[in-house]
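Chains as they are written, first to last, in UniProt numbering: chain A, 1 to 775; chain B, 1 to 775.
The hints are simulated quantities; they were obtained by calculation from the structure and are not laboratory data. Cβ atoms here follow ideal geometry from the backbone N, Cα and C, with glycine treated the same way. Careful: at least some of the hints might be erroneous.
Rough simulated footprint, nothing fancy, chain A against chain B, three-plus residues with beta-carbon under 8 Å [said to hold, decoys possible]: (1) 70-78; (2) 112-121; (3) 315-324; (4) 527-540.
Derived pair list, reagent style EDC-like, types lysine to aspartate or glutamate, alpha-carbon separation capped at 20 Å [to be verified]: (5) A:K446 to A:E377; (6) A:K391 to B:E574; (7) B:K391 to A:E574; (8) A:K499 to A:E264; (9) A:K530 to A:D694; (10) A:K7 to A:D22.
Here's the letter readout for the chains.
2 protein chains.
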Amino acid sequence: MAKIADKYLKVEPWAIVEEGFDVARNRVSESIFSLGNEYMGVRGYPDEGYNGDSLLGSYFNGLYEEVPVGAHYRGIIRSLRFMVNAVDWLYTRIKSEGEILNLARSHISGFTRRLDFKTGVYTRQFDWHLQSGKTIHLCFERIVSMTRSNLGAQRISFWSKDYEGPVEIQSGLDFSPLHEDQGRNFWEMIRKGEETGWMCATGKTVSTGNRLFSSFQIQLPDKAECRKEESNKYTGINFKLMLEPGKPSEIEKIVVNVAEKNREVSDNELWQNGVALAHSFSNRTFNDILAEQEAYWSKVWQASDITIEGDLENQQGIRFCIFQLYQTYRGDNPGFNIGAKGLTGEAYRGLAFWDTETYCLPFYLFNNPKAARSLLEFRYRSLQHALERAKDVDCEGAFYPIATIDGSESCDLWQHSNLQLQVGTAVGYGIWHYVKLAGDKSFLYKEGMEILIQLCRFNESRGQWGQQTGQFGYFGVMGPDEFQLMVNNNSYLNFMAKKLFEYTVQVAKEMEQQAPEKLADLMAMLNVSKEEFTQWERLASCMRIPLDEKTGIYEQHDGFFNMPHIDVDAIPVEQFPLYHHWSYDRLYRYDMVKQPDVLMFMFLYSSDFPVDAKRVNYEYYEPRCIHESSLSPSIHSIFAAELGKHEEAYRFFEFATRLDLDNYNRNTREGLHTTSIAAAWMNIVYGFGGLRSDGDTLLLQPSIPAHWDGYSFNFQHHNTVVSVKVDQEQLTVTTASGDPVELRIYDQTFTVDSEGVRLSLPASSRNVTDAHMQA
Amino acid sequence: MAKIADKYLKVEPWAIVEEGFDVARNRVSESIFSLGNEYMGVRGYPDEGYNGDSLLGSYFNGLYEEVPVGAHYRGIIRSLRFMVNAVDWLYTRIKSEGEILNLARSHISGFTRRLDFKTGVYTRQFDWHLQSGKTIHLCFERIVSMTRSNLGAQRISFWSKDYEGPVEIQSGLDFSPLHEDQGRNFWEMIRKGEETGWMCATGKTVSTGNRLFSSFQIQLPDKAECRKEESNKYTGINFKLMLEPGKPSEIEKIVVNVAEKNREVSDNELWQNGVALAHSFSNRTFNDILAEQEAYWSKVWQASDITIEGDLENQQGIRFCIFQLYQTYRGDNPGFNIGAKGLTGEAYRGLAFWDTETYCLPFYLFNNPKAARSLLEFRYRSLQHALERAKDVDCEGAFYPIATIDGSESCDLWQHSNLQLQVGTAVGYGIWHYVKLAGDKSFLYKEGMEILIQLCRFNESRGQWGQQTGQFGYFGVMGPDEFQLMVNNNSYLNFMAKKLFEYTVQVAKEMEQQAPEKLADLMAMLNVSKEEFTQWERLASCMRIPLDEKTGIYEQHDGFFNMPHIDVDAIPVEQFPLYHHWSYDRLYRYDMVKQPDVLMFMFLYSSDFPVDAKRVNYEYYEPRCIHESSLSPSIHSIFAAELGKHEEAYRFFEFATRLDLDNYNRNTREGLHTTSIAAAWMNIVYGFGGLRSDGDTLLLQPSIPAHWDGYSFNFQHHNTVVSVKVDQEQLTVTTASGDPVELRIYDQTFTVDSEGVRLSLPASSRNVTDAHMQA
């Protein structure tokens, strides 16, 4: 785990700040300074056009294109779907004295950019020195509204130091950006025109026919001349601003975008809807939008802030994580999921993985339960895709895709799309976890149970019986550890399937008592027999969980203990990441794991395992893990914290909150590690905070790294917001709002209210020398 | 193994005959009526152009093109190489009374075509009925010379029944045929022109720069007018023939082709060489070439014929096999190998597999030892590719490609190209087998040992030690049974590697005594230490060969015995081939094997295993085999014959000789199953003949199917040709030429001479009711 920070950005508690423009780092900054509101996202690219290394990325959640895949065999996908790069609604060109502003070519100074967590505004400013020696100061501000999903705003301010004369400005909507990964543009235009003072255009993706209405309005100073400009995939206006020394001047561009995937909405309807929506925002100013945005973020920080005292870098880092999580997903729009890079780049093609339920869901469960439910609804909406996919692979029930944008499988590597079954059990786990915490039986007894039944059917049909063991399990699979391909009885998958079967049968029994009619309806609709439940009960009880009884170590899969050993620490650091430096097949033949597998199920069902079992398994698997997934260290950190290995817990945490800010993996240029950002939240709340949400009562077992003076976090549980504050001496748990709540803290159960509980921190939770790490 | 014959062709002992033209079967016939001479091959497509379903295939051994592969990971090939479709040197167009002859549109009758095994001539004839009611009889003959690799010939005879007037003929060289699999043409023209009465053209493949000089001469009747025609990728002549009722008329096209892959030969040199070669054939007539061809085939049949009495279908079938084997490969041209479809189609892309050494080599060892050596020389010539490929996969020594045309890996499915290591051990086996039979120590002590050493290095570097077993073996591999992907300790591979190590060490010891200087030279050249030999000896002795001691059954790989069971016979017949009907991943999770794996190494090293060991392993694996490789049944037939299961042996043999003639796999349209054709030869000679060539003395243990009155075959051993004749009563073994030879026949050793040995056939080798099969 040799990771080295590329420290560059200024450390501030409530903002990201870059001072000076570094062409080599521009693309990394474009990712970091991304704005989004779950509906749409824009990378922090220069509004005014840029000729250097840049990814002009503007994305809309769920808008996708596809290209055919030359599939050799059955059950392998035939088209590759990906989030498509869409309209550049910030398109601006600025010219003065014949010079075009371009950071790659122009002479500038005093460059700074700033992303403010309290306002959600991305600001960029600098002095532009014309060849004549004159200087104009420019400031670009940008907002993607968190309260109005369709709304974006741009403000450009000019302050001339000594230049008197015009600046020529082009501003428009450009549908021609390349999708970089595919090397082409995927848009064709349906209609362009001006309506009630708004410049409007509708584009359509060439293969999938996804449509996007985009429109803007600019409030120009009175005297500005304005002329329309139109070309194939562009519509906009050209105008001049007259600058005078010392006198500020500004323009505001208000943008309304409407993405439409529903083919039943006609082009004309979409146009009319878009125009009406745009019209409703006429006369809205940048400052109006800014005020709403500030109010929104203020509420977020009130409910979800994490403070860290004595460690400004992680303080900034964790706020960046929380900020980006809200930007990526907030559950206000139906049918969305969380791409591995959110809306910040084309890597992973905008696809969502099992990370959603296993890594991201907890953040929403404890901060925004409505969003948590929306995430599960995505799976319900895409159930039909999963049913069809199961048929594609000769199975029954629902086979959820390992990677998806629209609910269909979009992974073209068959070893992942056909062998990795863990999304299904993760969805089952997500339902269980959501219902456990939110108590939402109306969801469980309808959508939830329908999904659970189809999941069980899949897991029954895909499973097989070992001839020698006589046990049930999964053959020919790849578990979460993607360094073990085509294995039999992966213990993670088997364990999770066992839990899925058990939970489904338990819900059926509960419904028999609590909601017999709903159960009867479901069974009739899905043609479920009682024998199916009996069979699932039996499969759960016959499930093979490979375990060495002598040592208490779970065997990751049949035969893992005989895999050739490699000393992970002896692999030269320049060989990482192994995916790039090793022959592909070589990854798969050692007792080396890419990311937690046995430890993962022991984390998800933490209360099922005594601490000793966690210890022996952690001590066996941790030295064998190379963390070639950014999701990996946080789980190890959570274990280390529970096992009292505090220094080790901190080491695994060390770069969690700043993975992108300090570009640890050297690939932030491709986009943010959005789901790892969720893991960073878990690392603090589940790791140091010791929260466990899988038992009968919420459990807190806080510890504190030696590096911090203190930290605090909040979480929502039913109607209550609980505040947890930890320093090197003590622990304070109070309710910030809502009813008193029952919590287990260390070994005792408390009813916590606004008065709170104040405890001394046990010695075992503090700053104890960690012999293992010191060695 | 539900295979159903599509019986269509006429059964004759010395020819393939089709009567009547069936558009639906034309493509199948094009494959069957292919001509070739190892240097070039043409499918039996209509010379005169055809608008129906046809694959106009003209191929040159080793001429290849390549397209880039979008490889995701290291160690996976970056370009896909394939045999390219080349010049249509038979190009002819025929027009009369404004009608163009085209079997898809013209009115014809009395169509027959014939491929004569004694002459090697492909003849096609029919009556062409013009719309005027007039009839012309046409006969097309075609030869690809077996004695002059560059030479082809075409004769077209016209016999007018009642038509008087001209036929207009175009004849030329057409470089524009599409490569069907890639959907494009890969040729650009370098030069065209007429030289010493020959029309010549040189083309070059666009990516690889492989060149092909092609030229032709037509001896025209005196009065014919002639005019040249040229377009981008075409050069030819147009002329008229005057027909008179009752008077025959004919044209002969003599063609000289020169394929050139060597970039050091300039375009001009190639042209001059081609022209000179063509000129040397000036005035050569079709009949001259025919006479040479007949003489060649006469010698072949003298040496290599197999007779079957009382079974005309198999008689025809086995001769077709022998005929095609000679057409595909005869070792006269260096640098060639045997593609899975020979030179008869684009399927498998013209690539050669491990079939060469394990399935084809025996035919050549016993019929044409020079050709056998040439096959091994192909591997020596491509050693550099194998050394580089080993580095690509982070190994040492030589990693021979699973599929190749030029020696480089050309398989784009990483699970095959990276996991299937059996080509290397097959090459080692081939060297051992060749040297054992041919006694060619000069090859062994130089090229052979160099290859062996590099093979051992690869097999050392790719192997690993099991943590629990402490044994050496191969992890993350796919054995010959391609239904078991990514397994550990495949017993075939482990066994073959053990043999490779042992043989190499044995050769080193032998060389120490017999050729110490050569050994020293090799060790110096390859920088081999004595410790390497010691290490290989150790690896051989520590090699894991999974075996259940109780039952004597070899476990195909670690964990195979626990794989879920499937009753192969219960799979509905319409689900075959499973590759097309099952989801890809589903193939890999049963105790079902695609083709022999354990049985394969027990066949190759037959004398290492007592018959009881063969029996238990056959009885375990045979019911689990679905024969989704055309190479599979013959190996089972050979085992069944040895185990006295004669009816079963015949059932597995049943379609071996007629796999393509009766289109059993319904894919003969793509080309012939050339390597399976070699397996058909083994099926008779090793199966019924009971030949075993891996022990100290050649062994014969003939048996006879109840369906036959008798059969005979010859084989060459050193300077001797041995004739074996078997009927239901007795067995006669004589030498047809050469020195007396020592043979073990059943349990006794004989010195066989021209007087021969005559034995009664043991009861156990005859017509015994086979309880297993009757049941």
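Taking only the CA atoms, is the gap from K530 of chain A to D694 of chain A under or equal to 20 Å? Cα-Cα ~28 Å, so violated.
Cβ contact check, 8 Å cutoff: the segment 112-121 of chain B against chain A, three residues minimum: Since three or more residues must qualify, the claim that chain A covers the segment 112-121 of chain B is violated, with 0 doing so at under 8 Å.
If you draw a straight line from the CA of K446 of chain A to the CA of E377 of chain A, is it 20 Å or shorter? Since the Cα atoms of K446 of chain A and E377 of chain A sit roughly 11 Å apart, the hinted pair holds (cutoff 20 Å).
Can you take a look at whether the segment 527-540 of chain B is actually covered by chain A? Rule is 3+ residues, C-beta closer than 8 Å. violated (count 0)
Counting residues of the segment 70-78 of chain B that have a beta-carbon nearer than 8 Å to any beta-carbon of chain A, does the count reach 3? holds (count 5)
Is it true that the CA of K499 of chain A sits at most 20 Å from the CA of E264 of chain A? violated (41 Å)
Between the alpha carbons of K7 of chain A and D22 of chain A, is the straight-line distance 20 Å or under? holds (13 Å)
20 Å limit on alpha-carbon distance, applied to hinted pair K391 of chain A and E574 of chain B: holds (17 Å)
According to a criterion of three or more residues whose C-beta lies within less than 8 Å of a C-beta of chain A, is the segment 315-324 of chain B covered? Violated - the segment 315-324 of chain B has 0 residues with a Cβ nearer than 8 Å to chain A, which falls short of three.
For the pair we were handed, K391 of chain B and E574 of chain A, check the Cα-Cα distance against 20 Å. The hint holds at about 18 Å.
Violated hints, listed in ascending order, are 2, 3, 4, 8 and 9; each of the other numbered hints is respected by the structure.
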